[in-house]
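Enquirer: Please model the entire structure based on the sequences and the hints provided.
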Amino acid sequence: DGGITQSPKYLFRKEGQNVTLSCEQNLNHDAMYWYRQDPGQGLRLIYYSQIVNDFQKGDIAEGYSVSREKKESFPLTVTSAQKNPTAFYLCASSIIGREVGQPQHFGDGTRLSIL
Amino acid sequence: SQQGEEDPQALSIQEGENATMNCSYKTSINNLQWYRQNSGRGLVHLILIRSNEREKHSGRLRVTLDTSKKSSSLLITASRAADTASYFCATHVKGETSGSRLTFGEGTQLTVNP
Chain Z
2 DGGITQSPKY LFRKEGQNVT LSCEQNLNHD AMYWYRQDPG QGLRLIYYSQ
52 IVNDFQKGDI AEGYSVSREK KESFPLTVTS AQKNPTAFYL CASSIIGREV
102 GQPQHFGDGT RLSIL
Chain L
82 SQQGEEDPQA LSIQEGENAT MNCSYKTSIN NLQWYRQNSG RGLVHLILIR
132 SNEREKHSGR LRVTLDTSKK SSSLLITASR AADTASYFCA THVKGETSGS
182 RLTFGEGTQL TVNP
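Here the protein sequences come in this chain order: Z and L.
Quick note on this note's numbering: the first sequence kicks off at 2 and runs consecutively.
Quick note on this note's numbering: the second sequence kicks off at 82 and runs consecutively.
Among the hints, a few may not be true.
As the list claims (entries may be wrong) - Here are the simulated SDA-like pairs of lysine to any residue, each with C-alpha atoms no more than 20 Å apart in a straight line:
(1) K151(L) - K175(L)
(2) K107(L) - D60(Z)
(3) K107(L) - R45(Z)
(4) K175(L) - T148(L)
(5) K58(Z) - S179(L)
(6) K175(L) - R99(Z)
(7) K137(L) - N99(L)
(8) K137(L) - E100(Z)
(9) K175(L) - Q57(Z)
(10) K58(Z) - V101(Z)
(11) K10(Z) - T87(Z)
(12) K10(Z) - S120(L)
(13) K175(L) - Q51(Z)
(14) K175(L) - D60(Z)
Hints in this document: simulated from the structure, not taken from any laboratory.
Expert: This is how it looks when you write it as structure tokens:
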């Protein structure tokens with residue numbers, strides 16, 4: 002079954018620590034995305050990538066970093082510079098086709114909390 | 082401010098009733114999409130409507146788009162307890178340099194009581 006796998010499901014961060022959230026897809030999608038969701042709110046875009054070895058900042062990139070070394074993988078690092086990291090993090094992917102704005106497929110998220 | 086804003090923020094209905102959620106947006110779009118999110122899970126794509134379309138159906142879902150008013154509505158007919166979830170609209174903004182980037186609204190929390 003094709004899909005997006007996010008791990009871990011729950012993650013705890015200590016003060017001053019960097020943590021990395023994993024996102025893997027086997028849908029052969031070119032584009033991948035990271036969103037942050039705070040309780041009762043919508044999704045805010047952190048970073049996105051449309052091709053391997055290239056990525057762009059979204060609306061709230063400060064305190065986060067990403068890499069895209071393989072098509073299937075788009076890990077997100079929450080750095081110690083992100084002072085309020087507690088949130089639900091969602092990874093998504095989509096094809097890049099002739100038509101813009103393709104539907105996105107989502108993983109089941111990682112919930113990050115501060116210890 | 083958000084490109085997409087849903088209304089109402091929360092909606093509670095009885096099983097069998099219809100549920101209507103609205104989404105307004107600010108700038109011209111190429112398409113508008115609706116997603117569903119069950120508690121603690123990822124979003125699931127429900128339906129996409131293009132800017133040159135006015136209405137679309139998928140099973141018990143009906144979506145309308147009024148580009149003159151910059152608004153869309155999602156109607157779920159004959160609702161079931163399993164429809165309980167948050168529903169989000171997302172837009173692909175015309176002129177967006179990224180061909181794939183969507184902007185999400187803040188969602189409507191729908192509760193269907195058995």
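Enquirer: What hint numbers does the structure not satisfy?
Expert: Per hint list: zero violations.
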